[in-house]
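Using the hints, position chains B, C and D against chain A.
4 protein chains.
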Amino acid sequence: MANILDDLPPRAALAEIARDFHARGWMAGTAGNLSARADDEHFWITASGKPKGRLDELDFLLVRVKDGEVVERVRPENKPSAETAIHRVLYARFPEARACLHGHIVEAALVAERAKKDATGLRLPAIEMIKGFDIWQQNPKVDLPLFANHLDVAKIAADIDKRFKKSKPAVTALMVRAHGPTVWGASLQDAYNRFEILEYLLRYLAQARARRG
Amino acid sequence: MANILDDLPPRAALAEIARDFHARGWMAGTAGNLSARADDEHFWITASGKPKGRLDELDFLLVRVKDGEVVERVRPENKPSAETAIHRVLYARFPEARACLHGHIVEAALVAERAKKDATGLRLPAIEMIKGFDIWQQNPKVDLPLFANHLDVAKIAADIDKRFKKSKPAVTALMVRAHGPTVWGASLQDAYNRFEILEYLLRYLAQARARRG
Amino acid sequence: MANILDDLPPRAALAEIARDFHARGWMAGTAGNLSARADDEHFWITASGKPKGRLDELDFLLVRVKDGEVVERVRPENKPSAETAIHRVLYARFPEARACLHGHIVEAALVAERAKKDATGLRLPAIEMIKGFDIWQQNPKVDLPLFANHLDVAKIAADIDKRFKKSKPAVTALMVRAHGPTVWGASLQDAYNRFEILEYLLRYLAQARARRG
Amino acid sequence: MANILDDLPPRAALAEIARDFHARGWMAGTAGNLSARADDEHFWITASGKPKGRLDELDFLLVRVKDGEVVERVRPENKPSAETAIHRVLYARFPEARACLHGHIVEAALVAERAKKDATGLRLPAIEMIKGFDIWQQNPKVDLPLFANHLDVAKIAADIDKRFKKSKPAVTALMVRAHGPTVWGASLQDAYNRFEILEYLLRYLAQARARRG
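Protein chains in written order, with the working numbering: chain A, 444 to 656; chain B, 444 to 656; chain C, 444 to 656; chain D, 444 to 656.
Looking at chain A on its own, in the form it has when it is part of the complex (with noise of 0.2 angstroms):
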């Protein structure tokens, strides 16, 4: 086994942690999407509609930041994930994001129902697990940025840009309401890590019940 997943090939990692989430459960059907930059200008990305818990390396398109175009396809077929206008997002607007990972999680989207209609944060709980994030305080009040599901995906990409061009997330993370969590970092690695770290902030709130927004 590569000691971290910044060892391994970007696709290689992307399918590992694509194995790893979907047998969680946090990539059911063919839910989700993962992508890793593969230089400045481009990003590696899940293709459509594939089974996460079977991915190969063949299953990704390469795509460039500025205008969405699919560089690089191994199997003519594939399309980039439908979800592909908001990595390009993230990654025009954080330079430091290197991967950017986005699952379904039961807990989160009931936690994202019970807050307020208007709310545009998730209040995380202050507990030690939130250091998970670099954040370094006694009794930290973080917001995790809420955005409205569409079914039309310009419409959320153009919702985040306009929201983070604003202000910069406390959190290297959003969550689009009845959807799911998206979580970006500094490598591969440190992306998987706060995807974790969130899914475990997120079963809290919905465990304690609580009902922020």
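By construction, these hints were calculated from the structure, which means they are not laboratory data.
Because the structure is a prediction, the values reported are computed rather than measured.
Hints may be right or wrong, so weigh each one.
Note that the list lumps identical chains together, so a pair holds whenever it fits in one copy or between two copies.
Claimed, not checked - Derived DSS-like pairs (lysine-lysine); straight-line CA-CA distance at most 27 angstroms:
1) 522 / 574
2) 509 / 559
3) 509 / 609
4) 584 / 574
5) 584 / 560
6) 522 / 559
7) 598 / 574
8) 559 / 584
This is chains B, C and D only, laid out in the frame that chain A set:
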């Protein structure tokens, strides 16, 4: 590993799904049954009474859709699943169905238990995951067909046939109260994906403590 | 892989079940004990104090049903499980029992805790899964025998013997309050299947927040 | 497989425990830290900031109990866990402790959150499983020591030292609020067993919605 389940011979794929579902607690003991079409007129189905975590390719029987006759069995003592009649109804009613998976899920049984006594459907949550059933609407109102359980499986099968003759369900799935979901799909992988999707939706409902029906 | 557990030598099967149950959280630490008949008059049982995820075939002792004498032990320091007396009662009382599995399940302990103080049974839910105990009725009213826990295991064993002498239980299983279920079966595979079934039924009860007794 | 964890070299055993705990969700991201005595005066502890599912034997540092000096490190960039001070206090206070395991468990944090603000202990449930802490009483009244969380780990360590100097805890374990449990044992296997036991007891409490303190 085969890239997707459809790359495997049908019985090998079914045995793999059975191990997978058993490990997740959806086929406790010898519960549940799985099938896949061999051709338009026949399907392979699990033998009755076998522990689902330990099937091999000899634990399946070839059954004729139109009359339920067992056309092939390797182990002479094997009998087809007690619920073969339900699979027959689904294959006869839906020519596009190529695989049919039935398991038992605690959350599914609980959600059904909470539905009104005369409810004929369970309203599924209008969350992103429902797209896994090819439902592309902003706020979909989709019901999972709900049926009463009977000791006499033929009666359940007849109820299903009667209802679906009148109208095709909104999802390729149904739920029998106090029992479990059955999901079908256009291929083995498709049925597997949809089973995961339905489990996710029902787990969401169970935790949301929705009392619809 | 052996096709079913009964194809393995009894101690190998028990070690495999112990790893399986431990991985599912039903044998935390060194909790629980498992046995299988070697012949009509003797059974193999787990040694006391061993971590159940790491047993090998030397971690079992051969015990005589009628008087509890240890007939064979490979590691001289091994002692039979502290709850051997319960296994002896069950093998003596039920000649058809060939294996006997005892674990600890949080949901089982919680459901028992909610029962009335003087309840002698837990009403199992009348769901399809109960057929796994060979109960083929439309709305079965079946009670899982419930016993008080005592520090002195001999007292628990005597209570079980006394109760079952009067009347055979409706299921091949029992529950000791604040402790855990014990399940027996006509073979190792049968006992394993039934343990899974009972766990499913008790998990259903725990989530349904039923307060029967 | 080694028969028990104590048959492995300490760092190999700790890496295996870390993979195991990570897979169960008790070491999300890089959370948690594990140690084992090398001799009376030194212990191996996990390096800071490593993903716990992917440790190898080079990811440990040898630390002196009395002053925290790092005596050996293979990777020069490695720093000992930020919570090394807590391990030092425990090894200094309890000569019989040979291993010390700290993880994060959602249920543990929730149960602690429900305790009264000035509670110094969590009453553990009087169920059979508590025997795993060598408590052999009919209705034991046992408290898990509860400590406040501080950004400054040295302050947590000092609180623990001060309390345990006055009186030895009833169990070889403690809980830091909003953080997680630390468990020690007379060997690596013993500490591992006890961590599982404590998780079971806290999960029971979380589900029982007890509000003790």
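Tested hints:
Taking identical chains as interchangeable, the C-alpha atoms of residue 522 and residue 574 lie at most 27 angstroms apart only when they sit on different chains, with a minimum of 17 angstroms there against 37 angstroms within one chain. With identical chains, the CA atoms of residue 509 and residue 559 are never at most 27 angstroms apart, being 34 angstroms at best within one copy and 52 angstroms at best between copies. For the homomeric pair residue 509 and residue 609, the shortest alpha-carbon distance inside one copy (20 angstroms) is at most 27 angstroms, but the shortest distance between copies (51 angstroms) is not. With identical chains, the CA atoms of residue 584 and residue 574 are at most 27 angstroms apart within one copy only, with a shortest distance of 12 angstroms there and 35 angstroms across copies.
Taking the closest pair of Cα atoms, residue 584 and residue 560 come within 27 angstroms of each other both inside a single copy (20 angstroms) and across two copies (20 angstroms). Within a single copy, residue 522 and residue 559 get their C-alpha atoms no closer than 36 angstroms, and across copies no closer than 43 angstroms, so neither meets the 27 angstroms cut-off. Taking the closest pair of Cα atoms, residue 598 and residue 574 come within 27 angstroms of each other only across two copies (17 angstroms); inside a single copy the shortest separation is 32 angstroms, beyond that limit. In this assembly of identical chains, the alpha carbons of residue 559 and residue 584 lie at most 27 angstroms apart whether taken from the same copy (18 angstroms) or from different copies (22 angstroms).
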